[in-house]
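Colleague: Here are the chains, one letter per residue:
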Amino acid sequence: MSKRILFRWLSAVLALGLMASACGSDRDDAAVGTTTTAAPTTTQAPDGGGGETTTTTEAAEADPCEGVTLEATEIGVSEDTIKVIIMADVDSPLAQGLFQGSVDGVMAWAEKVNADGGLACREVEVEFHDTKLTPATTVEGFLKACESALALVGTTVLFALDTSDLNTCDDQAGNPIGVPDIGYITTEVAHQCSPNSFLLSRPGAECPYEGGPRDYTAAVGAPAVLAENLGVDFNGVFIVPGDLPSTIASAVPQTAAQEEIGVTWDGVFGVSGSATQTEFGPLVTTMRDNNSNFVYNGSNDQAMLKLKREAALQDLDVDAVTWLCSLSCYTPAFIEQGGGDAEGVYVWSFFVPFEEADTNEELGTFMDNIGTDFPPAWAAGAWIDGLLFEDAVNAIVDRDGPNGVTRQAVIDELTTVTTFDAGGWWSTTDFTTTNTIGSCFMVMQVQDGEYVRVHPEERGTLDCSIDAVAVTADPDAFALD
Amino acid sequence: MTFGRIRTSLLVAFGAALASLVILYWRYGADTEVSGEKIVIASVIGLATGSLYALSATGLVVVYTTTGMFNFAHGGIGVFCAFVYWEIVENADGLGLPPGLGLAVVVLLVAPLLGILIDLILMRRLRTAPLVVQLMVTVGLMVFLLTLANQIWQADQIRGVKPLIDRAEGFNIGISRVPYYRFANLVIAGVIAVFLRILLFRTRTGVAMRAVVDNRELTSLTGARPGLLSGFAWALGSSMAALAGILVAPDIEFNPANLNSLMLIVAISAAAFGQVRSLPLTVVGGLVIGLLESHYQQWISLGPDFTFANRAIAPIVLFLVVLALPQARLSVGRVSTNLRPIERTTRVWEGAFGAVALVVLAYVLAKGWFHFGVWDPGEWSSTGLNKGTSAMVLALIGLSLVPLTGWAGQVNFAPLAFAGFGAFLWLRLGLWFGLPDTGGTGNLVWLPLIGLLCAPLGALVAVFAARLSGLYLALSSLAFALIMANVVFPHPQVLPRVHTFQSLYLDVGFARQDFDTRFSFFMLLIVMFALGMFALIVLRRSRFGRRWVAMQDSQAAAATVGVNVVWTKVVVYATSASMAGMAGVFWATSLSSVDIRSFDLLAGLTIVLLMAAAGMSFPVAGLFLSFQVVFEGLAERLEQTENVEFLVWLLKDFFAKFGPGLLAIGMVVNQRGAIFEMGKGFAPILPWRRDAREELAAENARKRVTEVGGLGLTEPFTSEAIIALDTQLGIVDDVTPTAGYHHGVSRA
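Top line first, the protein sequences correspond to chains E and A.
Residues 1 to 481 (the numbering used here) make up the first sequence, in order.
Residues 1001 to 1748 (the numbering used here) make up the second sequence, in order.
Among these hints, one or two may not hold up.
Computed Cβ-Cβ distance ranges for the label pairs, DEER-style [to be verified]:
(1) Gly211(E) with Pro1448(A): 36 to 42 Å
(2) Arg459(E) with Gly1303(A): 42 to 48 Å
(3) Pro176(E) with Phe1370(A): 28 to 34 Å
(4) Arg1543(A) with Pro176(E): 28 to 34 Å
(5) Asn1670(A) with Gly344(E): 56 to 62 Å
(6) Val1445(A) with Gly211(E): 27 to 33 Å
(7) Gly1303(A) with Gly117(E): 55 to 61 Å
(8) Asn291(E) with Val1194(A): 41 to 47 Å
(9) Glu1169(A) with Gly344(E): 38 to 44 Å
(10) Asp315(E) with Ser1503(A): 34 to 40 Å
(11) Leu1365(A) with Gly117(E): 26 to 32 Å
(12) Asn114(E) with Ser1503(A): 51 to 57 Å
Which stretches of chain E does chain A cover? Using the computed rule of at least three CB atoms under 8 Å from a CB of chain A, they are [to be verified]:
(13) 113–121
(14) 143–155
(15) 272–279
(16) 378–391
(17) 473–479
Not the full set, but computed from the structure, chain A residues with beta-carbon under 10 Å of chain E [unchecked claim]:
(18) Ala1042
(19) Trp1153
(20) Gln1154
(21) Asn1172
(22) Arg1177
(23) Phe1308
(24) Asp1507
(25) Ser1593
Everything labelled a hint here was simulated from the structure, so no lab data went into it.
Each residue gets a CB set at the ideal place from its N, CA and C atoms; glycine is no exception.
Make a model of the complete structure from these sequences and hints.
Modeller: So this is what it looks like as structure tokens:
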């Protein structure tokens, strides 16, 4: 297989997968980490250091730790620590440093939790397992979690082909219940449909799945709004990340859903991460032949730049085309390397962007702790995975006390979460099923080398007015041009 | 083999490729409207891409023509130099040199120095080495350079290389725009080809460089200096690689893996078009591949079943070209300067003992019954068993290379292709033959059937291989691996997109054993490896084994004593394919499912690489494939210990990453592999290995030749020197205590 491709595909896949997960409501609720489960009341506590806020479980009337003799209630839960594992593809010759952002996100979250007094009266201990873009090391990570951790948090792996250990290994009591896996993204059916996996980027797809036509739900907010605002019927090309069957399959619901809202595809092209710019020539030819006015990039940021550059080279009127990119184009590299070629590109996001940290307290906390001005999107996702896990554990502590924390309790708690929005920062997510998906989104455009919000206009908000579209499509019959 | 015949063959290959394109269009491209405009656009795009391929391939040809070595590290050198260019030109924190100056520094200084270093340190020692060693060292060098580039220029920084000429400047051909920087690539590729052609064929230096390849000694008699010439050749080749890397970089996403993939496979295909010798034909080859790719993309859509077929165009061209070449003739009339010493073949009882010992040792280790002094590793956890399983499936696949490459000398870069075929059959067995409990969940009684069914594929490959030898055989196996990975295996009728390989069991009617736990599966793999190892040892002593080895030593000699070379090749390929196919069942079961990413070229190359470094002719070399897993496992154990950070880094970050490349490079000094050296040290202590002790003694005596050479002249008479002299004179051997007795000295 080729090769570092994945580094870009990942962002592409990430975006495609996440696009399918947009959901929830406008950020009109300042509550942090809210869920519909019996989550503890939360408050935002200014730290007195200049506006930094933290998410803390309010101890209600009494400190739950007071007078309790802490016990080792579960594998990974000792008297004084809770161990979680962050599994991510990082060190691989194919894509060096791939999901390092996820590791950073979980580490930052744990550091903040510990600074705030810990979780379930214990310190959070994080171990990083590098899955290295191989199936065997991914299984090894699941096994390691089975042997030593309460849960997996921030899982960002692309080669999770076998989740049997994740779902069936024994807990401390000897019950084969597996390990809770609060992950971020996956492209593999086995992982998408794993009952123990609570992926922030919902698959938006039917589970279990054995092949053939599959029911999907996909968000269509950005293309719908742009078509309406610009007053045009879109016809154009779709760029699919074409290196792996799973990345290609991830484009299936989005192409079908956009067709449902009136987009006509002049061509659906699979492109490799290692493609040269000249290889985008046939896409330009197709656009010219069909007078295309729309490009949707489900691939990585570099693919968008290559196509736009090739189109400009071939004297295509690039200004007459609406260039819409998934979240994969929301990177410093896109602006820095793209220069003028990045100008005008629309970027579809399902979370309040980093530039608006002042408008959302949880986002602000994240930005204060992550240690960079422009973190990768998966750092944010991993942090939010931490918040979800934190909420679940806090709910258990509230209900059963700090010695009630077990894998089974965490799984039970997460299974009932129907609306999680990270304090309005992220699209509301329903963890009770794999095939429901929301449609909250916002759109940015690159203007003068910056990401500028164009929809909805109010800073710190997401638009949830356009429903997701249900489609049925057969990934095996998905033909690329 | 005349040039005219070769050219005719290549034209046939090109014609076949073109005809295939037309047929594909007729069958699958009927919906696409053909217009002159589109043809022009596709052609311009194809020529632009092709010029990049041609550029990449020229350096490969230069090095092969002038040193006789095929340099798999060509892409790695290009990658490394392109990143050096980025560092000194594009990096904001770097030197900030102007692009022209930076290009000159890298192409005229850095790359030649790197080439000379490679020649001095590595390649000169490989002059008379077997082809497999030469290839493995360059593959190891490639892996090493890529790892180095990955470690130095990690993904924490955004990188890109701008073209030397502004992208916006260019001219039109019809409605198709040609930027100058791409046109420049085409011109540069052509100019370089002409320049190198003149250099190699019209200058005294060039002629001498080529002559050195044909006959080093004879050339040196004419006053040429072969060492200097080979250094110059490597410098030139590296410069070409660097230039190609820098010129290609603006058009791709700038990272080592991408750059290397472009400069490796496609460049090899283009170079093969020119027989790895003709520069003009190489440039034509690059352009042809570029044109085929662009026209394929323009006109043809094979549908979802062949999604990745476009990636196979270059390998298909490579395959066609190699097959179109005239059949290799048996090499006669030349005395081999690289005769292998006669090897002692392992006895059957030794093999049986080793196999049983392996199973027992693995069981004891996995159960944690063995303590290393103060360190008690304990019973293997699920994680440890998973690591062991990963290592053992590779070991099983590696075993298949022993008869084929280790004994018969048939270089095969496609072990995973055969393994994948076995996995496919295992999955489809139930569907096709209605066998019970197949289709992913399998009774191991059917395993021999997989072996039998895989054999014809091996035999089929052998039919092609019979036409080829040496380098072309290696290249065709590379093409075969890529075609299988991108065309055959992704087809849903071969490997469905959603499938699962379940656990294995053995049910023979009256007894049943399940292998559904990690420990039982691990032990199953150990037993299978032990059985495979034993079977190979028996096979090596058989008539087949002797014929394979004879064929490797000299096909001509083997043929003269009545060995049917073609039939022998068929048998060894079939045997290897059977073994790999059966190993594929375990491989797929360990992975749960396989898809295109399972057949990653680098993964396959690493298996071959490590087997070669360990000693491809020794079945036990398969265990060497576990070294990365062992190092990582040890590092993880040590991580829990204080004050051993450096050791952990050494095991986990250095050896595990750089190990494969370094081990292969190490074949420069140890061409027969690590197992051979270890065996040489270990064998003399075995009570029944008197032959090993005698061999050791003889070797020690040989080492002392120089010591006694000056005896009585520059060296004084000593008892040790007299003993050595006696031994050399054959008066006594030095393993007996009587050595020196006749001269009144004793060992005491």
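Colleague: Could you work out which of the previously given hints the structure breaks and list their numbers from low to high?
Modeller: 1, 4, 9, 10, 11, 12, 13, 16, 24
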